[in-house]
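Since the structure of chain A is already known, use the hints to place chains B and C on it.
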Amino acid sequence: MTSSTGGSMPEKQPFKQVFGYPRGLTERPTHYCPGCMHGVAHRLVAETLDELGIRERTVGISPVGCAVLAYNYFNCDMVEASHGRAPAVATGIKRARPDLYCFTYQGDGDLASIGMAEIIHAANRGESFTVIFYNNAIYGMTGGQMAPTTLVGMRTTTSPGGRDPLQKGAGYPICMAELLNTLEGPFYIARQSLLSSREIIRAKRCVKKAFQLQPRGFTFVELVGTCPTNWGMAPIESRRWASENMLPQFPVGVFRDREKEGDA
Amino acid sequence: MNNWIRVDRDRCKGCELCLESCPEQIIELSSVMNIKGYHFAVQKDADRCTACRLCAISCPEVAISVFRVLKKRQRAS
Amino acid sequence: MEKLMMKGSEAIAEAAVRAGCRLFFGYPITPQNEIPEYMSRRLFEVGGQFVQAESEVAASNMIYGAAAVGARVMTSSSSPGISLKQEGLSYCAGSELPVVVVNIMRGGPGLGGIQPSQSDYWQSTKPGHGDWHPLVLAPSTIQEAADLVMDAFDLADEYRNPVMILGYGLIGQMMEPVAFREYQPREFDKSWTTCGCKGRPPNIVNSLYLDPNILEEHNHAIFQKYERMKREEVRFETFRMDDARFCLAAYGTVARICKTAIAQLRDEGIKVGLIRPITLFPFPEAVFREARVRWILDIEMSMGQMIEDVRLAVRGRTPVHFYGRVGGVVPTPDEIVRKVREMYKEGVK
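Protein chains in written order, with our numbering: chain A, 1 to 264; chain B, 1001 to 1077; chain C, 2001 to 2349.
Isolated chain A, as found in the complex (with noise of 0.2 Å):
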């Protein structure tokens, strides 16, 4: 990173960094599209794996989709899972190495659709690790297909007319972190969005949060992101779009705090 612009640096004033680049990303660019929030998403993890102080004690595991290529971006040792099987990687991991963190990293076709068995009965055992859900109702490396998590009238590829619960078949969306939150085992499930700088920073507390219980037991964060290339808008507009049409469907908040209940 050497070349920059902006404010010129004063001359005898000191002065403070107050937002830097985590070392718990490598330096690569990224590959995603403009406007995507994967890279944000990274970021609050990375962020966590420096204030923590486990970046050399963590395995990231990246999923099949957009984010399939997080093992260049995250500076830790990475596994890279087969689509869906991300939770079952990371039970095979945390079951040998229990001392080490382990995080998978998610997108909405990856976990809700093919990887519903692997997420749910993980969650269900309790397995300590934590998911980062990137949840933003499509298919995008694919080029934009129906996922689990597309709203009702939301045009894809494959639903080119909306997506018809009834008249087509083609179901209704997915609510992960409510259907989680239907089972025993799992220690701390939140969603938050990250249409906002304000959102950003509630959803790295969470984030945050569910790598410190992540010791105790399993833990889940949805992120409700953008796709602005496969949503056919521009980043600002579907920013604006996700919150006025994916945050009625899928509300943020803290859904299960294992902790704060004080029965663990």
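Worth flagging that the hints you see were computed from the coordinates, not collected in a lab. Note that the coordinates shown come from a computational prediction; the quantities given were computed from them, not determined experimentally. Built from N, CA and C at the ideal position, the CB exists for glycine as well.
Away from chain B, derived, C-beta distances all over 10 Å, residues of chain A: (1) I54; (2) E56; (3) M116; (4) Q145; (5) P148; (6) K168; (7) I174; (8) N181; (9) Q212; (10) L213.
Below are the DSBU-like pairs computed for lysine-lysine, each with C-alpha atoms no more than 35 Å apart in a straight line: (11) K209/A / K1071/B; (12) K2198/C / K16/A; (13) K2230/C / K2190/C.
Partial selection, computed: residues in chain B whose CB lies under 7 Å from chain A: (14) R1011; (15) K1013; (16) P1060; (17) L1070.
Below, chains B and C without anything else, positioned relative to chain A:
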């Protein structure tokens, strides 16, 4: 005040999320393109920057660093 | 060595524990349930972990994760379950992870049946998606099964590749005396594992190579390991081949049935011998190619799967004939005797 941001111009993809996030509205896109072919973010009026970090927080490329000039009281501590 | 009377599945599980396996991820399917059942008791006694996975797909990805952090790990299943495990196994092969998988085969296609069958020769030796092979070991006795399981873990670590133990009901369900040898642990390089990047750059366990030139290189590197297996790991047994004019080819317990038949045929003056492949991949090609016999009769509990490798091995120089029983029917020594006698009398070439 003279706080300032530094944008890693070749990481920037010109998504404009920082433009919208800036409460002072002092970020704009460059007229020239970076190595990837994007118009990148630049700070146009550093004097008004409060170093609030909201631009950096919203940046998906983690391309923005934020610097705050310390006041006398802060320097002492 | 103390001899124990043990069921094959339990001997396989116990051998794995004695070879240092501390993690088992499985899913119930007949006829191999005694392996996960045994492991669910035994592993916690020795400080290990057992997980009954939600599916065979999940189990095969759990072993992938455990192997990625350097653990000795095993899973087991039976034919339809192995179909599901092909996903994780292909990823293990692509990411070069050492895992051991036991396949206690049953009949097919589809749900098939649960009786002994050798219907998975193809999906064992020429499996799943992508260019890869597991190293496949086919025991013919419970004792051999126990011995091969111990070897399997070392072979998996040596080659960083899946190793499969291939049996069926006759191996998994039968009881025989077994003596466990003292396992001698060997050191293997584990510097590639993803156990936290303290003091080094991060490691990545991965099978994705988007650049075709790099993937081609990776494919070649994997196949160089298979070439080394072909040079160094081929195992087979020959039985009365010294003066044989005819040769039977069979693996697993079918070879034991053949031996009984051979004794009777020899009494009748028919000079028959047997070649029993122990490694199905790498296949013992040379011993078949060098056998100076009038013909080879390949005998399988399938419609004829290994016969393809036998034919490739002899390169058209020796006629290869086939006799098979399927659906869970186990051939008797008598029917093999009748078949060979018939071929002998008719002067089959």
